[in-house]
Structure formats: C-alpha cells, structure tokens
Amino acid sequence: GESVGLHLPTLSVQEGDNSIINCAYSNSASDYFIWYKQESGKGPQFIIDIRSNMDKRQGQRVTVLLNKTVKHLSLQIAATQPGDSAVYFCAESGNAGGTSYGKLTFGQGTILTVHP
Amino acid sequence: DSGVTQTPKHLITATGQRVTLRCSPRSGDLSVYWYQQSLDQGLQFLIQYYNGEERAKGNILERFSAQQFPDLHSELNLSSLELGDSALYFCASSVGPSGGYEQYFGPGTRLTVT
Numbered sequence: 001g002e003s004v005g006l007h008l009p010t011l012s013v014q015e016g017d018n019s020i021i022n023c024a025y026s027n028s029a030s031d032y033f034i035w036y037k038q039e040s041g042k043g044p045q046f047i048i049d050i051r052s053n054m055d056k057r058q059g060q061r062v063t064v065l066l067n068k069t070v071k072h073l074s075l076q077i078a079a080t081q082p083g084d085s086a087v088y089f090c091a092e093s094g095n096a097g098g099t100s101y102g103k104l105t106f107g108q109g110t111i112l113t114v115h116p
Numbered sequence: 001d002s003g004v005t006q007t008p009k010h011l012i013t014a015t016g017q018r019v020t021l022r023c024s025p026r027s028g029d030l031s032v033y034w035y036q037q038s039l040d041q042g043l044q045f046l047i048q049y050y051n052g053e054e055r056a057k058g059n060i061l062e063r064f065s066a067q068q069f070p071d072l073h074s075e076l077n078l079s080s081l082e083l084g085d086s087a088l089y090f091c092a093s094s095v096g097p098s099g100g101y102e103q104y105f106g107p108g109t110r111l112t113v114t
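First to last, the protein sequences are chains A and X. Sequence positions in the first sequence follow my numbering and run 1 to 116. Sequence positions in the second sequence follow my numbering and run 1 to 114.
The following block holds chain X by itself, in its conformation from the complex (with noise of 0.2 angstroms):
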C-alpha cells in the first residue's frame, strides 16, 4: 500500500458526459501528479500540482482540469467525453516540488467511456 489512495476505483460512463477523479496523497506529501495509461499511449503525465499551486503542465486536453484543495487532496475533471479517453488513470505524489523525489502511486482509476 502506497499511502495513496483514488477513488472510485471504476468508472463507467457515456460519451460527452462529464467525471470526476479524486485523489489523496500521502502524509506530508505536497505534490500531486496525474498520469494517464492507455494501451498505445503507455503512461504518459497529464499535470502535477504543489501545495495548490499548478506546477507543470504535460499532454492534458482541453476538456481535462485538476486542482487541488487547502487538504491537498486532487480531483480531475474529464468533460466532453470520448471513446478515446477511456483509459487507467493514476494519481502519484511526492514530497517535493521538483525532480529527485521518490514518487508513490495510488491504485488508479479505470475509466471506461462507452
């Protein structure tokens, strides 16, 4: 056990539809990361943010948004589903703000868009 821990652990829905993922880091953990994995596209880093703040931006689409809360709890918000979204996504977090700090990764959220 990661100490990170998402919810709902599965997830179905139709297109164009709207969800939410959230996410809790660990204990003393400030940094939270969101990863997608998806058969052709492996894992592959969607946005990470620290002690609330935005922090770095990867591949994320339009139509996805996170933040985090004064709790430093995460949510990720998929709207405008597609067919194509549907994928393993991972919540990550570490200590600090940059490279160098061991990352722990929760059990994922499967997303199947129907």
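Next up, chain A with everything else stripped away, as it sits in the complex (with noise of 0.2 angstroms):
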C-alpha cells in the first residue's frame, strides 16, 4: 500500500547549525503534506504544512520544500537549538479514486538530537 518512508532515521547538528530532514512518500496522489515534531511522552506536535500545488512554503526558522516530480519532501529548521531534539515525522493525506481523505499516513520518524 502507499507510504511514506524517510531517508535517513538519525540525525545529529550542532547548536546553531541549519537541520535538513528529508523524506520520500510513494502516493503520487498526495495533496497535502504536514510536518509533526514529538517529544518523549508527548503527542505529535503541527510544525507546517504544505499543499501539493506550492513548492515551498516557510514558517518560524522553518520552511518545507515538495518536489513532486521525485515524490520527496524535506523539513529545514534554521539556527537549531536544542529544544529542536525530538522525533520528526512527515505524513500526507490525499486522494484515492477522486475523494480526499483525511487520513494521515506517517513515515518512520527522524531522531534530531541537537548538541549544545
């Protein structure tokens, strides 16, 4: 079935430096593309989100990029710091036979730790 895997599982920067996280999704019928950032304990929290017809879209020391043509999306927070450490997922919903869903497939997760 489709899904949405990430490149790499681990991740780790300095304080201060520029995170890229990447993930590559299979559905070519995806639409909308959402970012979540865990903590330990905690439920996933909204980062940003993007539509399948921008291919860019910035936030607060984040901006998300979609390349539709190779089906991947990619998540880069600048100036990291160390409340940044969490897990990151990427997931999409889409359509599937002309009708939107609103059911979220996630990827596996990357682990940012950010060191002081």
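Hints should not be assumed to be uniformly reliable.
Distance condition first, Cα-Cα at most 27 angstroms in a straight line; then the derived DSSO-like pairs of lysine-lysine [to be verified]: (1) A:Lys71 with A:Lys37; (2) X:Lys57 with A:Lys56; (3) A:Lys56 with A:Lys71; (4) X:Lys9 with A:Lys68; (5) A:Lys71 with X:Lys9; (6) A:Lys42 with A:Lys68; (7) A:Lys37 with X:Lys9; (8) A:Lys68 with A:Lys56; (9) X:Lys9 with A:Lys56.
I should point out that these hints are in silico values taken from the structure, not numbers from a laboratory. Remember, it's a predicted structure, so these values are computed and weren't measured experimentally.
From the two separate chains plus the hints, produce the assembled complex.
Have a look at this one:
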C-alpha cells in the first residue's frame, strides 16, 4: 500500500546549525503534506504543512520544500536549538478515486539530536 | 497544549480484557481521528469520524470499535486484548472531513496489556 518513508533515521547537529530532514512518499495522488514534531511522552505537534500546488512554504525558522517530480519532501530548520531535539515525522493525506481523505500516512520518523 | 484531551493517560490491563479510551476534540473541530503508535509499526491510522458518522477506516482490528457522540467526543473500545495491543493510542481532531485540514493531536493514552 502507500507509504511515506524517511531517508535518515537519525540526525545529529550542533546548536546554531541548520538542519535538513528528508522524506520520500510513494502516493502520487497525495495532495497535502505535514511535518510533525514529537517529544518524548507527548503527542505529535504540528509544525508546518504544504499543499501539492506549492513547492515551498516558510514558517518561523522552518521551511518545507516539496518536489512532486521525485515525490520528495524536506523540512529545513534554521539555527537549530537544543529544544528542537525530538522525532520528526512527515505525513501525507491524499486522494483515492477522486475522494479526498483526511487520514494521515506517516513516515517512520527521524530522530534529531541537537548538541549544545 | 493542542486543545485535544484524552483520558486516561495510562492504562494497565490483562489479556482478554476490554478497555475504553476517551477523546475530546478541540472546540469547533468536527473530525476525530484515532491512531496507534507502536515501536514496530510506527504511527498507524485506525479510524475517522466526522460529525458523528464514520468517515474512513484504516487497519483497525475487528476487536476494536469506535464512535463519536452528539457532543463530538469520541471513544475507542478495545476488546479481547492481546499483548500486541500494547501501544500509545492518539486521538487527533480537525475542522473538516477531508484532507487539507490541520490535525491536532492529543497527549495520548499509553496502554499496557500484561
């Protein structure tokens, strides 16, 4: 079935560096993508989203890039801070037979560790 | 705080038992989603309700069922529990019924089956 996968399971950076977390998706009908951050013992926290009619969206210190040609999604975090240490998940929802579904398909997650 | 509440926070029970997990969505949200997070399967979609009606179903076992009540809170019922049902169960809510709406997650219920 459709799946969303991550290239790298772990990422370690120094405080102040920029971080890039990558994600590949397989469902070409996906039209909505979200990045979530999950800290230990907590539920996933919404970071930023992007729709398939866009290729870039910026938030506060975060940027999401979407490349539909190669079905690739990335999350860039500027000036990474120790508080950014968490597991990051990409997720997608898409269409099936012309019907848009809200259920999210999640990637496996990337562990981001920020060293002071 | 996402505005989504879940109770209980922790639940320990024995195999063969039945439990009920409760979720209250954010104010104004009509959709409720249930997800299971386990170490080997990651985050998996179980079921969605929108305004009281079942909207979408994922890989939810027949031993599991859910409903959404008129006040929009939802309950997930897990029966004939097995050791493999031990996991974190998350509820999420969104405004709309379909894709393209932000989903906000609750803090989860950690279920341990012994």
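Cross-check of the supplied hints:
Proposed proximity of Lys71 of chain A and Lys37 of chain A is supported: the alpha carbons are some 21 angstroms apart, at most 27 angstroms. The straight-line distance between the Cα atoms of Lys57 of chain X and Lys56 of chain A is roughly 31 angstroms, outside the 27 angstroms bound, and the hint therefore fails. The suggested pairing of Lys56 of chain A with Lys71 of chain A holds, with an alpha-carbon distance near 14 angstroms, which does not exceed 27 angstroms. The straight-line distance between the Cα atoms of Lys9 of chain X and Lys68 of chain A is roughly 39 angstroms, outside the 27 angstroms bound, and the hint therefore fails.
The suggested pairing of Lys71 of chain A with Lys9 of chain X is violated, with an alpha-carbon distance near 37 angstroms, which exceeds 27 angstroms. For the hint pairing Lys42 of chain A with Lys68 of chain A, the CA-to-CA distance comes to about 31 angstroms; that exceeds 27 angstroms, so the pair is violated. The suggested pairing of Lys37 of chain A with Lys9 of chain X holds, with an alpha-carbon distance near 20 angstroms, which does not exceed 27 angstroms. This hinted pair checks out: Lys68 of chain A and Lys56 of chain A have alpha carbons roughly 11 angstroms apart, not beyond 27 angstroms.
For a cut-off of 27 angstroms, the pair hint linking Lys9 of chain X to Lys56 of chain A is broken: about 37 angstroms separates their Cα positions.
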